[in-house]
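Novice: Spelled out, the chains give:
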Amino acid sequence: MDSAIERIQKWIEERFGTKAVDRILRPIPNFSFRPDYWTGAILVTGFIMQGLTGFLLLLYYVPTPDQAWASTHYIVSSLPYGNLLLTFHLYDAYAIILITFLHMFRHFFVGAYKKPREAMWFYGVILGLITLGFGFTGYLLPWTVISKSATDVGIGMLNYFPLWLTGPVKSFLVGNGTDAAELTRFFALHVILLPLLLALVLFLKLYTFEVHGIAPPLGHSENEEVKKTSWMPGGILYILMLAMFYIGGLLIISSVFPATLPPEYSVQAAMSVTPEPDWYFLWIYQILKLSIFGGPNIVYALILVGLLFLILFLVPLIDMKEGRSPSERPLIFTLGMIVVTSIMFLTVWAYLTPGQTIPFYQAVIYIGGIALIEALAAYAALRRHRSSAASGKAHPSIAMAVLVTSVIGASASLLLFEKGYLISVLLIAGFIYAAMTSISKIERLRK
Amino acid sequence: MKRVQLLLVGLFMTLLGELLSIAGIYLSSQLIINNDPLARLLSGVFIGLLLISFGIMIAFYRLSGSSEA
Chain F
1 MDSAIERIQK
11 WIEERFGTKA
21 VDRILRPIPN
31 FSFRPDYWTG
41 AILVTGFIMQ
51 GLTGFLLLLY
61 YVPTPDQAWA
71 STHYIVSSLP
81 YGNLLLTFHL
91 YDAYAIILIT
101 FLHMFRHFFV
111 GAYKKPREAM
121 WFYGVILGLI
131 TLGFGFTGYL
141 LPWTVISKSA
151 TDVGIGMLNY
161 FPLWLTGPVK
171 SFLVGNGTDA
181 AELTRFFALH
191 VILLPLLLAL
201 VLFLKLYTFE
211 VHGIAPPLGH
221 SENEEVKKTS
231 WMPGGILYIL
241 MLAMFYIGGL
251 LIISSVFPAT
261 LPPEYSVQAA
271 MSVTPEPDWY
281 FLWIYQILKL
291 SIFGGPNIVY
301 ALILVGLLFL
311 ILFLVPLIDM
321 KEGRSPSERP
331 LIFTLGMIVV
341 TSIMFLTVWA
351 YLTPGQTIPF
361 YQAVIYIGGI
371 ALIEALAAYA
381 ALRRHRSSAA
391 SGKAHPSIAM
401 AVLVTSVIGA
411 SASLLLFEKG
421 YLISVLLIAG
431 FIYAAMTSIS
441 KIERLRK
Chain P
1 MKRVQLLLVG
11 LFMTLLGELL
21 SIAGIYLSSQ
31 LIINNDPLAR
41 LLSGVFIGLL
51 LISFGIMIAF
61 YRLSGSSEA
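Same order as they appear, the protein sequences are chains F and P.
For what it's worth, the working numbering labels the leading residue of the first sequence as 1, then goes sequentially.
For what it's worth, the working numbering labels the leading residue of the second sequence as 1, then goes sequentially.
The shape of chain F in the complex, shown without the other chains (with noise of 0.2 Å):
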């Protein structure tokens, strides 16, 4: 069978010169054959999807006011496999928002942005930009009634900033404020201008990429011998692997739950429902509910939520030390961790308590006892750990075990709130406490 099959790769490595590849690109250290190391090839992949799909659902698609929604209608309810591409499409930009979450915090917490991969971060943050520029020009597109109302207050926001500054911004969203202009210019956004620029930041990426290759475990060297594959065949297999069950899978979801589409906006029908945004903007939505935040204040919230992705952009400038194991670096760890949780848990909130103010004091106690928690399970955990850290064994699954203890106390906190929430938390957190001390005996008597 072998002698078969390898006549067949050598006639095609022949005709089509396949091997070249190999000359130009790195081989692939073996120890990254794990789905894990593959995250960014998964996105690349749902990328090419959303163009494939985008492409076809522009030959049915209207760009305006009085066409939009029902040429939606039509892919969704008459045209045939229009549900499955419509809806496979918007599965697939939430799998890349979720996977592009995944990915960034994955390579966070592996340390991965350290020297010589920050710029390999800077370019990542700004493709998760450009990403949520996607979710929100598209989002609008349908035309529904939940759709406009939410686009339509987010773009109202900008109104509490001084004119000079976001009066060029909002003029270039919406044109002359008509129906028509606005959609039409996200509709021009979202089909050309941001996938230009996703290619080009993209291709910037994968050229660092190519430059410094995949951050070796931590705990290994730049400039160890490891066993490594070439990109032809093997790589490039191994990518198709991954993306024939990212896809396939994606399909039979979007064929078993497909997605419906929400009436047509007018504006009687807007002011009978609450706007919201998509689900990966409710953790923004939620921060801009607090009472504190109320009327003109919210330019505030902004600036926060501005600040917060400065400070993300940022993240290779302020954690310069070389260290990479969580050990070694376990204020930003654990700073890391509260971010992720607090995102997860303002998520949730927000998709729980719809159009609600949300009173300040209790959205610091929230957000401090995820804090408490956290903090004194990756204490926990990072304590018995730092001895070991010195020869690498320190592991950001830490990470993960603290994520989920941490997630489970912050969900039960918030289920217990009215009923003696200060006790729940200060019970939780010397549960998880006590399980993260336990987990680590446990692993050093292994050893």
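Quick caveat, the hints were computed from the structure, so don't treat them as lab data.
Ideal Cβ placement from N, Cα and C applies to all residues, glycine included.
Among the hints, erroneous ones may be present.
[Unchecked claim] To spell it out: a stretch of chain F is covered by chain P in this simulated footprint if at least three of its residues, at any positions, have a beta carbon under 8 Å from a beta carbon of chain P; those stretches are:
{"no.": "1", "segment": "239-246"}
{"no.": "2", "segment": "253-259"}
[Unchecked claim] Some chain P residues near chain F, calculated using beta-carbon distances under 8 Å:
{"no.": "3", "residue": "Arg-3"}
{"no.": "4", "residue": "Gly-10"}
{"no.": "5", "residue": "Phe-12"}
{"no.": "6", "residue": "Leu-49"}
{"no.": "7", "residue": "Leu-51"}
{"no.": "8", "residue": "Ile-52"}
{"no.": "9", "residue": "Tyr-61"}
{"no.": "10", "residue": "Leu-63"}
[What the hints assert, rightly or not] Estimated spans, in silico, between C-beta atoms of each pair:
{"no.": "11", "chain 1": "P", "residue 1": "Ala-23", "chain 2": "F", "residue 2": "Val-21", "range": "55 to 63 Å"}
{"no.": "12", "chain 1": "P", "residue 1": "Ala-23", "chain 2": "F", "residue 2": "Leu-307", "range": "24 to 32 Å"}
{"no.": "13", "chain 1": "P", "residue 1": "Ala-23", "chain 2": "F", "residue 2": "Leu-204", "range": "41 to 49 Å"}
Since chain F is already given, all that's left is putting chain P on it; use the hints.
Specialist: For chain P alone, coordinates are given in the frame of chain F:
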């Protein structure tokens, strides 16, 4: 069972899965033109299964070691 035989069985099974999926796609596409609700539900499942079978096939091929150049 030898490794090579196991790989052959795996490749054959995935090939069978792909053929069945293609049959499913063909049958559902006939009905989907009439907006048949079951066909609408199953069409993507068949295409998805085809791709996943292909993915498993590549996984078997990788197991054979032929992909390591």
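Novice: Does each hint fit the structure? Answer for all of them.
Specialist: Status of each hint after checking the structure:
1. Interface restraint, the segment 239-246 of chain F with chain P: holds (6 residues with C-beta to C-beta distance below 8 Å; minimum three).
2. Evaluation of the coverage hint for the segment 253-259 of chain F: fulfilled, as 4 residues show C-beta separations to chain P shorter than 8 Å, against a requirement of three.
3. Interface hint at Arg-3 (chain P): violated, since its Cβ lies 10 Å from the closest Cβ of chain F, which is beyond the 8 Å cut-off.
4. Nearest Cβ of chain F to the Cβ of Gly-10 (chain P): about 12 Å, over the 8 Å cut. The hint is violated.
5. Interface hint at Phe-12 (chain P): violated, since its Cβ lies 11 Å from the closest Cβ of chain F, which is beyond the 8 Å cut-off.
6. A distance limit of 8 Å between C-beta atoms decides the matter here; for Leu-49 (chain P) the minimum to chain F is near 7 Å, and the interface restraint holds.
7. A cut of 8 Å between beta carbons decides the hint on Leu-51 (chain P): the least distance to chain F is about 3 Å, and the hint holds.
8. Evaluation of the Ile-52 (chain P) hint against chain F yields a held restraint, the C-beta minimum of about 4 Å falling below 8 Å.
9. For Tyr-61 (chain P), the shortest C-beta to C-beta distance to chain F is roughly 7 Å, which falls under 8 Å, so the interface hint holds.
10. The interface hint given for Leu-63 (chain P) is violated, since its Cβ lies 11 Å from the closest Cβ of chain F, which is over the 8 Å cut-off.
11. At roughly 36 Å, the beta carbons of Ala-23 (chain P) and Val-21 (chain F) sit outside the given window of 55 to 63 Å.
12. In this structure, Ala-23 (chain P) and Leu-307 (chain F) break the distance hint of 24 to 32 Å, their C-beta atoms being roughly 57 Å apart.
13. In this structure the supplied range 41 to 49 Å holds for Ala-23 (chain P) paired with Leu-204 (chain F), their Cβ-Cβ distance being about 45 Å.
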